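*Asks:* My numbering numbers the first residue of the sequence shown as 13 and each following residue consecutively.
Hints are computed from structural coordinates only; laboratory data are not their basis.
Being a predicted model, the structure only gives us computed values, none of them experimental.
Just so you know, not all the hints are guaranteed correct.
Said to hold, decoys possible - Cut-off 16 Å, straight-line C-alpha distance, at most; resulting in silico cross-link-like pairs (EDC-like, lysine to aspartate or glutamate):
| no. | residue 1 | residue 2 |
| --- | --- | --- |
| 1 | 334 | 172 |
| 2 | 47 | 65 |
| 3 | 237 | 172 |
| 4 | 294 | 172 |
| 5 | 47 | 92 |
| 6 | 87 | 56 |
| 7 | 294 | 92 |
| 8 | 366 | 211 |
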Amino acid sequence: MAEHTTPEQITTAKIFPYPLNAWWVAAWDHEVTSKALLSRTVADKSLALYRTEAGAPVALADACWHRLAPLSQGKLVGNDQVQCPYHGLRFNPAGRCTFMPAQDTVNPSARVPSYPVVERDRYVWVWLGDPELADPETIPDMHQMSSEEWAGDGETIAAECNYQLILDNLMDLTHEEFVHSSSIGQDELSESDFEVTHDGNTVTVSRWMYNLDPPPFWLKNMRDKFPGFSGKVDRWQIIHYSYPGTICIDVGVAKAGTGAPEGDRSQGVNGYVMNTITPETKRTSHYFWAFMRNYRLESQLITTQLRNGVHGVFGEDETMLKAQQTAIEANPDHEFYSLNIDAGGMWVRRILEKALRAEGREQA
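Using the sequences plus the hints, can you model the full thing?
*Replies:* See below:
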């Protein structure tokens, strides 16, 4: 059953390490190929990613068993194997060494870690913890990314901040009023009521705003679907967090008073801001995002315009989060305090704290 809370009920650290018994996105599906190796660091673990000839993604530790040379600087050879760039040892997708130079016998202990990998919803997900716990059913739901009922595209931000700061940012959208005032922000964001619920490893923050002028971003989207639109709208932001680092935000506006709060969004435009954040190191993150829409699906122009528009909005977030990370490092003893608007983010932190305690990794 979903529960309701206020942030005062929760005490937590300001910067977290990252759980390993979790599915993290390592790459977009198109980044992982059978032609070359991709180097990617996830949760301080260096990975060498590639595809087999049959198309299955593989994630190996990016360090040869022999002298720790980066496998990602090597090459793919026959039978889906990786050849070390230093001395030519070869490893199969399971991480087992199959060839050593100048000898017929392969040391049976020669292997590198091979991590569970799942390709789903345009992403390649990797599990770095106990492989016995790697249940694909626990991968966060991002079905809009691959559904024929939605269209859109996205990018990756190399964010110079801890992953938790991005989760905080996305769980409280009142910052739009101040950081994104020229695009999606408006005064009603901080004036409106919101509801926070949580259930297991998920948190939802819901906010509705009624009978207001659409900000520039949403006015443009309304006119894409309803040419010449003018007037008031009802606006919604429904933020869905799923452990460990995925936040999908149901957003949109509809002509005021046409039933959107009751479920009839036909007189409006609906989008999903798909965000999944992967820790790279303690102070850097891979921020994978996309904007998906369920109207004018045939228009590549609208897809490009929306991607470019959101790129600009997220660029403003990126600047603020980098500055925040710098300030945190300069003031390591400063305590964070919570406002009412932090309730969703505080429940996210509580879920992560629980997972980290279970792994014995509470300290950064």
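*Asks:* Taken at face value, is the distance from the CA of residue 56 to the CA of residue 87 at most 16 Å?
*Replies:* violated (23 Å)
*Asks:* Take the C-alpha atoms of residue 334 and residue 172, compute the straight-line distance between them, and say whether it is at most 16 Å.
*Replies:* holds (5 Å)
*Asks:* CA of residue 294 to CA of residue 172, is that 16 Å or under?
*Replies:* holds (10 Å)
*Asks:* Is the Cα-Cα distance between residue 294 and residue 92 16 Å or less?
*Replies:* Distance of about 33 Å is beyond 16 Å: violated.
*Asks:* Holds or violated: residue 47 with residue 92, Cα cutoff 16 Å?
*Replies:* holds (10 Å)
*Asks:* Does residue 65 sit within 16 Å of residue 47, going by the straight-line distance between their CA atoms?
*Replies:* Given pair residue 47, residue 65 holds - Cα atoms ~9 Å apart, limit 16 Å.
*Asks:* Tell me if the straight-line CA distance from residue 366 to residue 211 falls inside 16 Å.
*Replies:* Holds. Residue 366 to residue 211 sits at ~14 Å (cutoff 16 Å).
*Asks:* Quick one, are residue 237 and residue 172 close enough, alpha carbons at most 16 Å?
*Replies:* violated (37 Å)
Hint check: violations occur at hints 3, 6 and 7; the rest are consistent with the structure.
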